[in-house]
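Visitor: Those protein sequence lines, which keep their order, are chains A and B. For this note's numbering, count along the first sequence from 1 and bump the result up by 7. For this note's numbering, count along the second sequence from 1 and bump the result up by 7.
Simulated from the structure, these hints should not be mistaken for lab results. All C-beta atoms, glycine included, are put in the ideal place defined by N, C-alpha and C. Fair warning: there could be bad hints in the mix.
Unchecked claim - Chain A is faced by these chain B residues, among others (derived, beta-carbon under 7 Å):
#: 1; residue: A88
#: 2; residue: A104
#: 3; residue: R189
#: 4; residue: M191
#: 5; residue: P194
#: 6; residue: D303
#: 7; residue: L306
#: 8; residue: V307
#: 9; residue: V313
#: 10; residue: A315
#: 11; residue: F316
Chain by chain, the residues run as shown.
Number of protein chains: 2
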Amino acid sequence: MKATEPTRIAIVGVGKIARDQHMPSIEHNPNFTLCAAVSRHARVDGVEHYNALDAMLLKRPDITALALCTPPAVRFDMAMAALRAGRHVLLEKPPGATLTEVETLVGEARERGLTLYATWHSRHALGVEPARDWLAPRRIRSVRIVWKEDVRRWHPGQAWIWNAGNVGVFDPGINALSILTRIMPHPVHVASADLDFPSNCQTPIAARLEFADPFGATVTAEFDWRHEGHQTWDIAVETDAGSLLLSEGGSRLTIDGEPAVSGPDREYPAIYEHFAELLAAGRIDVDVSPLRHVADAFLVGRRHEVDAFHE
Amino acid sequence: MKATEPTRIAIVGVGKIARDQHMPSIEHNPNFTLCAAVSRHARVDGVEHYNALDAMLLKRPDITALALCTPPAVRFDMAMAALRAGRHVLLEKPPGATLTEVETLVGEARERGLTLYATWHSRHALGVEPARDWLAPRRIRSVRIVWKEDVRRWHPGQAWIWNAGNVGVFDPGINALSILTRIMPHPVHVASADLDFPSNCQTPIAARLEFADPFGATVTAEFDWRHEGHQTWDIAVETDAGSLLLSEGGSRLTIDGEPAVSGPDREYPAIYEHFAELLAAGRIDVDVSPLRHVADAFLVGRRHEVDAFHE
Numbered sequence: 008m009k010a011t012e013p014t015r016i017a018i019v020g021v022g023k024i025a026r027d028q029h030m031p032s033i034e035h036n037p038n039f040t041l042c043a044a045v046s047r048h049a050r051v052d053g054v055e056h057y058n059a060l061d062a063m064l065l066k067r068p069d070i071t072a073l074a075l076c077t078p079p080a081v082r083f084d085m086a087m088a089a090l091r092a093g094r095h096v097l098l099e100k101p102p103g104a105t106l107t108e109v110e111t112l113v114g115e116a117r118e119r120g121l122t123l124y125a126t127w128h129s130r131h132a133l134g135v136e137p138a139r140d141w142l143a144p145r146r147i148r149s150v151r152i153v154w155k156e157d158v159r160r161w162h163p164g165q166a167w168i169w170n171a172g173n174v175g176v177f178d179p180g181i182n183a184l185s186i187l188t189r190i191m192p193h194p195v196h197v198a199s200a201d202l203d204f205p206s207n208c209q210t211p212i213a214a215r216l217e218f219a220d221p222f223g224a225t226v227t228a229e230f231d232w233r234h235e236g237h238q239t240w241d242i243a244v245e246t247d248a249g250s251l252l253l254s255e256g257g258s259r260l261t262i263d264g265e266p267a268v269s270g271p272d273r274e275y276p277a278i279y280e281h282f283a284e285l286l287a288a289g290r291i292d293v294d295v296s297p298l299r300h301v302a303d304a305f306l307v308g309r310r311h312e313v314d315a316f317h318e
Numbered sequence: 008m009k010a011t012e013p014t015r016i017a018i019v020g021v022g023k024i025a026r027d028q029h030m031p032s033i034e035h036n037p038n039f040t041l042c043a044a045v046s047r048h049a050r051v052d053g054v055e056h057y058n059a060l061d062a063m064l065l066k067r068p069d070i071t072a073l074a075l076c077t078p079p080a081v082r083f084d085m086a087m088a089a090l091r092a093g094r095h096v097l098l099e100k101p102p103g104a105t106l107t108e109v110e111t112l113v114g115e116a117r118e119r120g121l122t123l124y125a126t127w128h129s130r131h132a133l134g135v136e137p138a139r140d141w142l143a144p145r146r147i148r149s150v151r152i153v154w155k156e157d158v159r160r161w162h163p164g165q166a167w168i169w170n171a172g173n174v175g176v177f178d179p180g181i182n183a184l185s186i187l188t189r190i191m192p193h194p195v196h197v198a199s200a201d202l203d204f205p206s207n208c209q210t211p212i213a214a215r216l217e218f219a220d221p222f223g224a225t226v227t228a229e230f231d232w233r234h235e236g237h238q239t240w241d242i243a244v245e246t247d248a249g250s251l252l253l254s255e256g257g258s259r260l261t262i263d264g265e266p267a268v269s270g271p272d273r274e275y276p277a278i279y280e281h282f283a284e285l286l287a288a289g290r291i292d293v294d295v296s297p298l299r300h301v302a303d304a305f306l307v308g309r310r311h312e313v314d315a316f317h318e
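Turn these sequences into a full structure, and let the hints guide you.
Guide: This is the structure in structure tokens:
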């Protein structure tokens with residue numbers, strides 16, 4: 008790419024993911040300069056701070072791109088305000104609380120000729136593209152997703168995750184679905200779902216999905232947020248010509264039992280490389296298929312009440 | 008349109024809606040000839056009968072179009088088989104049990120150059136297009152949908168409607184949503200939903216939705232399947248320049264208190280007129296937005312347990 012001025016970018020929503028991932032990735036990418044942070048409470052040392060998005064949009068017309076790292080429930084209004092103010096927008100996953108609001112954002116971005124990028128960080132895990140390439144010519148017999156982690160360990164003190172408008176165990180589960188929808192050579196869809204709701208919660212703590220595959224493969228997913236001990240994020244695929252295992256959330260690929268790919272995490276650096284490409288090309292990249300699977304699972308799911316959850 | 012051979016069409020799924028609506032509409036439309044009916048049990052006098060879709064597809068290559076009137080839960084496999092056999096497909100509403108399966112059908116139809124038509128019969132109610140035209144230049148302040156009917160009266164003996172994979176009160180409610188998405192000059196999205204599940208059912212018997220409108224209107228919907236007495240299917244819209252009321256499921260339009268449009272039902276005849284146009288033009292018409300609202304409502308909805316339902 009030819010040398011151009013770096014894009015001036017602001018981060019909106021300064022939580023753990025913004026500090027751990029977005030800021031370092033922006034800092035190490037010469038295509039971007041971090042110029043401001045918007046947060047009601049948090050401050051970032053050495054970065055101009057705004058309490059409210061509107062104030063920043065007004066004061067800093069030179070900031071042409073925003074990374075929205077706020078929870079999905081409040082993301083739409085901010086994204087809409089940013090697009091209406093003529094700014095390009097990157098969305099943390101999932102891109103919204105509903106599918107329709109995401110379509111509305113796409114329409115707005117398209118009308119204004121702006122870049123909108125719905126990120127799925129797990130798709131940039133090191134094993135994902137090689138897995139996709141390896142599967143492309145093969146006939147898939149089965150896919151088994153097992154995504155089991157301990158919610159107490161990964162979301163301490165976040166009581167809001169149990170409120171309606173959030174997706175419960177699909178918050179990690181959607182990472183698996185973002186990989187599934189990337190590596191499968193053809194689409195599958197949720198045929199049935201069993202959703203376990205703790206008696207005191209509005210979002211599921213566990214889910215078991217069965218997918219229908221027009222070419223006859225058996226595709227299942229098991230998500231559980233009550234899993235202590237070894238944390239498991241595995242996708243195992245059997246084909247007519249060998250098997251693969253994507254483990255550790257997609258970062259390790261094993262083919263026919265032999266290690267094929269592994270290495271240090273580059274998910275968020277890859278996200279910002281792609282965002283720079285989208286900006287340069289004036290493109291939109293919004294694939295709602297992982298969120299659509301979640302909505303489909305809620306739509307057809309059988310609800311089961313399970314033990315109350317107490318942190 | 009210039010005179011051509013009528014399209015030979017078969018009906019798949021011979022239930023009440025097929026007999027009451029599809030068959031008479033086909034019979035009175037010179038663009039179609041009803042050549043076969045597929046049903047495990049039901050027979051239609053004077054129409055060739057098949058127990059299974061596959062047999063019909065094999066025996067009657069001259070039948071180039073199918074109307075799928077089976078329940079949504081079994082529609083995907085049949086639609087896929089029909090498209091793979093090179094036939095055009097009309098889908099009763101809703102077009103599927105999940106959003107993803109509908110996308111898959113669209114992809115298949117597109118790849119094969121076939122017509123796929125997801126029908127929304129309520130959009131053809133007499134008041135809908137005039138309401139859309141009247142609203143287009145106005146600023147909307149509020150939309151209030153009230154859709155209340157007696158499930159015992161409209162679905163006697165259909166215990167399956169309470170099983171997971173069906174949408175409960177959204178079965179009539181989606182008709183209102185199909186009108187809403189047609190008459191609104193801009194998209195809105197579900198912001199919150201309250202879903203009442205009878206303690207012995209997997210689908211909601213009532214729902215209350217609040218939508219977010221990027222232009223600030225108040226948009227609500229109230230669906231209730233426990234409503235005896237006068238059955239209500241109303242959409243009331245207040246604007247900066249008058250108000251309208253769509254009542255009787257869209258078939259009666261009142262503007263500023265004065266009757267504007269009413270007349271005999273032409274919903275299904277209009278569906279087959281449009282299908283003939285799509286076939287002539289080689290087009291696909293699949294708008295999933297009503298079903299997407301339902302999925303969004305399930306996704307963000309607060310679940311409430313209410314009294315068990317017994318027919």
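Visitor: None of the hints should be skipped; say for each whether it holds.
Guide: The hints, checked one at a time:
1. Look at B/A88: its Cβ only gets to about 10 Å from chain A, farther than 7 Å, so that hint breaks.
2. Because the smallest distance between the Cβ of B/A104 and any Cβ of chain A comes to about 6 Å, under 7 Å, the interface hint for this residue holds.
3. With a least beta-carbon distance of about 15 Å to chain A, the hint placing B/R189 at the interface is violated under the 7 Å criterion.
4. Taking 7 Å as the C-beta cut-off, the interface hint given for B/M191 is violated, the closest approach to chain A being about 11 Å.
5. At its closest, the beta carbon of B/P194 sits 5 Å from a beta carbon of chain A; the interface hint therefore holds under the 7 Å criterion.
6. Of the supplied interface hints, the one on B/D303 holds, with its beta-carbon coming within about 4 Å of a beta-carbon of chain A, less than 7 Å.
7. Against a cut-off of 7 Å between C-beta atoms, the interface hint on B/L306 holds, since the closest Cβ of chain A lies about 5 Å away.
8. Interface hint at B/V307: satisfied, since its Cβ lies 5 Å from the closest Cβ of chain A, which is below the 7 Å cut-off.
9. Interface restraint check: B/V313 against chain A, minimum CB-CB distance 14 Å, threshold 7 Å, status violated.
10. Interface restraint check: B/A315 against chain A, minimum CB-CB distance 15 Å, threshold 7 Å, status violated.
11. The interface hint given for B/F316 is broken, as the beta carbon of that residue sits about 15 Å from the closest beta carbon of chain A, more than 7 Å.
This entry does not satisfy hints 1, 3, 4, 9, 10 and 11, going by the numbered hints stated previously.
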